[in-house]
Amino acid sequence: MMLPSVDALAAQIPDGALVAMPPDNSLPSVALAKALIRKGARRLRLLGVPVSGFATDMLIGAGCVAEVETSALSLGEAGFPPRFTAALKQGRVKVRDATCPAIHTMLQAAEKGVPFMPLRGIIGSDILANRPDWKVVPNPFAENGEDPIVLLPAKQPDFAVFHAAMADSEGNVWLGRRRECATIAHASRQALVTVERVVEGNFLEDERMAPGAISANYITAAAIAERGAHPVALLDEYGFDSAYVADYARAAKTEEGFRAWIDREVFGGARKVAAE
Amino acid sequence: MSAIALEERLAATLARLILDPSAPPARHIAVGAASPIPAAACWLVKLMGNPVRLSLLHKRSGNPFTEGTRELFDLTGQGRIDLFFLGGGQIDGQANLNLVGTGEWPGMSVRFPGSFGSAFMYFMTPRTILFREEHSPRVLVERVDNISAPGVSPPGVFRRGTAQALVTGKCVFRFHPDRARFSLDSLHPGETVDSVRAATGFGFDVDGDIPATPDPTEAELALLRGRVCDEMVETYPDFCSRVWGRARAA
Chain D
1 MMLPSVDALA AQIPDGALVA MPPDNSLPSV ALAKALIRKG ARRLRLLGVP
51 VSGFATDMLI GAGCVAEVET SALSLGEAGF PPRFTAALKQ GRVKVRDATC
101 PAIHTMLQAA EKGVPFMPLR GIIGSDILAN RPDWKVVPNP FAENGEDPIV
151 LLPAKQPDFA VFHAAMADSE GNVWLGRRRE CATIAHASRQ ALVTVERVVE
201 GNFLEDERMA PGAISANYIT AAAIAERGAH PVALLDEYGF DSAYVADYAR
251 AAKTEEGFRA WIDREVFGGA RKVAAE
Chain Z
1001 MSAIALEERL AATLARLILD PSAPPARHIA VGAASPIPAA ACWLVKLMGN
1051 PVRLSLLHKR SGNPFTEGTR ELFDLTGQGR IDLFFLGGGQ IDGQANLNLV
1101 GTGEWPGMSV RFPGSFGSAF MYFMTPRTIL FREEHSPRVL VERVDNISAP
1151 GVSPPGVFRR GTAQALVTGK CVFRFHPDRA RFSLDSLHPG ETVDSVRAAT
1201 GFGFDVDGDI PATPDPTEAE LALLRGRVCD EMVETYPDFC SRVWGRARAA
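So the sequence lines, in the order shown, correspond to chains D and Z. Numbering of the first sequence is given in our numbering, commencing with residue 1 and proceeding in unit increments. Numbering of the second sequence is given in our numbering, commencing with residue 1001 and proceeding in unit increments.
Simulated from the structure, these hints should not be mistaken for lab results. What you are looking at is a predicted structure, and each value in this text was computed from that prediction instead of being measured. Check before you lean on any hint, since a few could be wrong.
Claimed, not checked - Cβ pair distances, simulated, as ranges:
| # | chain 1 | residue 1 | chain 2 | residue 2 | range |
| --- | --- | --- | --- | --- | --- |
| 1 | D | Gly63 | Z | Glu1104 | 22 to 28 Å |
| 2 | D | Gly63 | Z | Gly1169 | 35 to 41 Å |
| 3 | Z | Gly1245 | D | Lys89 | 35 to 41 Å |
What the hints assert, rightly or not - To be clear about the criterion: a stretch of chain Z counts as covered by chain D if any three or more of its residues have a C-beta under 8 Å from a C-beta of chain D, and this derived list gives those stretches:
| # | stretch |
| --- | --- |
| 4 | 1054-1065 |
| 5 | 1096-1110 |
| 6 | 1113-1121 |
| 7 | 1140-1151 |
For glycine and all other residues, C-beta sits at the position ideal for the given N, C-alpha and C.
Whenever a hint applies, use it, and build me the whole structure from the sequences.
In structure tokens form, the structure reads like this:
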């Protein structure tokens, strides 16, 4: 099967698109994020499901992002995300803060095709005070008509972007238990997925593979990107490269350091890796 | 045994709070991101033989959630998680948590990572243990600049619980939701009521003589340095290497 290249996948994402991505513990496509930087993407709106990590900081540093909606941005043990922090201070990026279950709930509403879903908690938080799109109503089922509860609007991203272990001949992808990627794919208009490899057959015909698969129904296109989650871990296939992320965190403390890093790891590095 | 590391003392202290018979039972505990000391406390409780289910969000192999991370919040929404840990860049005297940042929203002075699930978990878990190793007036403030999750809620707002206690590098505070205040519960070695007061930006209650935070027992130390570390090294390699000198797994 002929698959598009990772750069061809990135070319399908127009400037200004709302792009949903999983965080650093759940299969982000760092390969596609790097391709978006190479393409010179602009004004992207990123949705962290439910938080954001390495790929988001890199995209912000490269000037690809206008706004990020997320419940947190972190590089884990490597600390605060340096390019996001700098861009926020300089007013070059907007952050719309949420809380993790609210992001899941907004996507689940989109999955179901309903306009909103309720969620407990949140009342009294300044997150709510800064989210005019979130509403508090009395629980219509409460006997006394009280019991305030938050309603969250459905959120339909333009693109789901993530990495999976493999695709099959039918275009289904498999990523095991990281089902938040399935939620993102179900809720989004299109899903662009990078995979380590393509295998013969059909995951949906295999009782053991089917529960960890996402049906081709939801997948717009897949591209092969070996080690496409790196430096993030991929299931039981490869681990988190904390030295790489720590090196990024050090380099990206300054604009110059970040530029040198992407020259090496996103532009030059891509050619070097391809030649290996 | 070699000297007790602060991390070990804090883990053992958290373990005692988890097992506190006066608190609602902790049958199922979830531990979130970047929480090696709370994770160590939970493993200590479990490996001491207590019947507790641990759901560690960031466990790579054998992760307990097969429906994605939303499953944690669905479980909590139903009341099936008994205990969770939260921290904050700022924590105030009413147990309000700020994980967003200082200055104008959304943290235009110093930006913290963000609220994670706190605005939900703090309401929906029967009890929360607050943990922040840094005990200073910049962290423990009179009033947080921004509220990620409030410590108490007005009557009529659905809420299962709030903070049980706040554990820092200097002491243990108990939280009293009825009066929305902390009281000093125990002092770590080298601390006094006055030294804690000097390092705390909020007012708190001091009732009678304040005991010392007990040392971890020999058995607890042996577990922490052995089987607890074994369980943690995959998820927290840097922590295990720093505290226990454990080499990173290949």
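Comparing the hints with the structure gives:
no.: 1; hint: Gly63(D) to Glu1104(Z): 22 to 28 Å; result: holds (24 Å)
no.: 2; hint: Gly63(D) to Gly1169(Z): 35 to 41 Å; result: holds (40 Å)
no.: 3; hint: Gly1245(Z) to Lys89(D): 35 to 41 Å; result: holds (38 Å)
no.: 4; hint: 1054-1065; result: holds (count 6)
no.: 5; hint: 1096-1110; result: holds (count 6)
no.: 6; hint: 1113-1121; result: holds (count 9)
no.: 7; hint: 1140-1151; result: holds (count 5)
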